[in-house]
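K.L.:
Protein chains in written order, with the numbering used here: chain A, 2 to 288; chain B, 13 to 302.
The reader is advised that the hints may include incorrect statements.
Said to hold, decoys possible - List of simulated lysine-lysine pairs, PhoX-like, C-alpha gap at most 25 angstroms: (1) K300(B) x K177(A); (2) K300(B) x K220(B); (3) K102(A) x K300(B).
Hint data in this document are derived by calculation from the structure and do not stem from the laboratory.
The structure presented is a predicted model; accordingly, all values stated were derived computationally and were not measured.
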Amino acid sequence: MNAAVRDVARPLRQPSVLPGFGLTFGFTTFFLSAVVLLPLAALVLMAARMSWHDFLHTILEARALGSYRLSFGASTLAAAINLVFGFIIAWTLVRYEFPGKKIIDALIDMPFALPTAVSGIALTTVFAQNGWIGQYLEPFGIKVAYTWIGVTVALTLIGMPFMVRTVQPALAEVQKDLEDAAETLGAGRFHIFRRIILPTVLPAMLTGFALAFARGVGEYGSVIFIAGNLPMKTEITPLLIVIKLEEFDYKGAAALGTVMLVISFTMLLAINLLQAWGRRRHVRTTR
Amino acid sequence: MDAKDVANIFIDEHAARPGRDTLTTSLVRAFFITVSLGFLAALLFAPLATVFVMAFEKGVQAYVHSFVDPDTASAIKLTLFTAAVVVPLNTLFGLAASWAIAKFEFRGKSFLITLIDLPLAVSPVISGMVYVLLFGLQGWFGVWLQDHDISIIFALPGIVLATMFVTFPYVARELIPLMQQLGNDEEEAAITLGAGAWMTFFRVTLPKVRWGLVYGVILCNARAMGEFGAVSVVSGHIRGLTNTMPLHIEILYNEYNFVGAFAVASLLTLLAVLTLIVKTLVERTGYKGH
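Assemble the whole structure, with the sequences as input and the hints as a guide.
P.N.:
Structure below.
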């Protein structure tokens with residue numbers, strides 16, 4: 002048998018005594034195509050019906066650019082805030098014992114489980130001018146609700162569990178004996194943090210940052226209540242898409258949707274690369 | 013605890029970790045715990061408490077009364093119906109996908125896994141929009157559907173489809189890594205000994221993965237009942253007809269009916285709390301979520 006024939010004869014799947022491959026694989030690909038892939042293709046095809054000129058005009062008009070600035074700016078800022086506070090929370094949960102710790106740990110997942118509309122109206126109420134927290138910020142001239150600060154606050158809450166849950170296991174892996182050894186050898190607290198702890202958790206922190214950012218860019222429900230939604234000022238990109246759909250400007254909505262899809266896929270790729278980097282690093286340091 | 017005990021704790025810690033400045037250690041510890049709790053209090057606990065304070069602001073009677081409103085009742089019914097359709101279908105999909113992916117070796121497998129996870133990477137607004145572009149009036153099949161008098165967008169099927177898209181990966185992504193990790197040995201033994209395919213699945217595989225399945229199903233259900241963005245795009249916001257609970261919250265809130273809005277929100281908050289409790293219980297069995 003020559004090479005070409007052998008290649009053709011190489012099975013698409015390796016033989017197994019287990020039954021059910023045809024049924025389950027067929028159902029999986031059918032359902033996936035019907036629910037996810039074909040609809041997504043419809044989006045890209047709708048945008049492709051536009052000419053390049055129209056497409057670029059739609060995605061680069063001033064209102065769209067203003068919405069990118071808010072969506073990306075607030076998502077970046079929120080992810081950066083989570084980089085600091087997410088690390089502190091993860092550290093507290095991994096290293097310290099205190100009453101109520103188990104409940105706090107379970108509640109970290111709350112933003113995952115809580116519907117976004119609920120967190121949206123609740124945050125707006127708390128941070129409004131007469132709200133529990135808003136009233137103390139008001140005298141300092143800080144307005145949170147209905148400004149870009151409110152958008153950042155909402156995205157910080159939404160991104161928080163991503164950071165904590167990614168950093169937590171990485172921090173638990175930091176070898177305490179290495180820290181103790183460094184300390185015995187006279188290393189200071191910050192030296193230990195910079196040379197031992199930070200290198201171990203850095204891939205996890207960057208992954209958490211990317212996850213929180215990616216979630217923030219697409220977030221809709223929790224943001225629109227607190228945002229104010231003024232064009233060019235407090236209007237996020239997903240809201241601009243919704244407005245275009247309501248005006249039956251399907252092509253315009255599809256064009257902006259395509260931009261967001263491309264960004265989502267880029268982030269997905271970045272997250273996969275970061276996770277692979279983290280795993281390689283993990284193998285190296287534990288050997 | 014008297015002063016002697018406190019002193020003993022310090023001495024013990026000092027003995028266990030020589031060289032450590034115990035006062036600074038306690039200060040750092042206090043600082044970290046305070047900052048963590050302060051951050052969570054402002055961003056998480058305060059909003060959670062607000063939901064219930066606002067819902068009961070005008071008394072228990074006003075709270076209960078807000079559920080008597082027929083539009084609220086129909087929103088609750090619609091949410092329950094949607095979840096009752098979507099969750100079983102996505103569970104069935106999760107079981108099929110994890111069987112195909114974990115039990116067999118085939119080309120393009122990791123690509124397939126990436127595609128299944130895709131809905132998680134996409135903005136909820138896009139998840140709803142894709143169906144508008146397919147079935148909306150100006151969409152690919154809009155004219156054909158109108159000619160045949162079928163409504164999908166601004167109607168029940170659109171809500172179900174959008175919810176299905178958003179919650180699509182939840183069961184599959186719990187089961188795939190779990191089944192891969194548990195291996196095929198027991199199933200192969202069962203088949204070799206003459207058990208049928210269904211018997212192997214129900215008697216061997218299902219009991220092994222049951223906690224992962226429960227975990228995936230409750231997360232899928234929480235998202236299905238709470239989805240806002242995707243459903244908002246396809247629903248059309250027709251009161252009493254196409255409003256799910258999260259959409260109804262928006263309408264009541266925008267009408268300044270805060271008791272009503274937060275009353276519905278309190279139900280969804282309780283659902284989230286229940287979800288977290290089940291999740292914690294499942295994790296106590298030793299199963300760690302994906």
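K.L.:
Against each hint, give a clear statement of whether it holds in the structure.
P.N.:
Against the structure, the hints:
Annotation: proposed proximity of K300(B) to K177(A) holds, straight-line Cα distance about 23 angstroms (limit 25 angstroms). About 14 angstroms separates the Cα atoms of K300(B) and K220(B), which keeps this hinted pair within 25 angstroms; it holds. With a CA separation close to 18 angstroms, the supplied pair K102(A) and K300(B) stays within the 25 angstroms bound.
The structure fails none of the hints (numbered hints given earlier).
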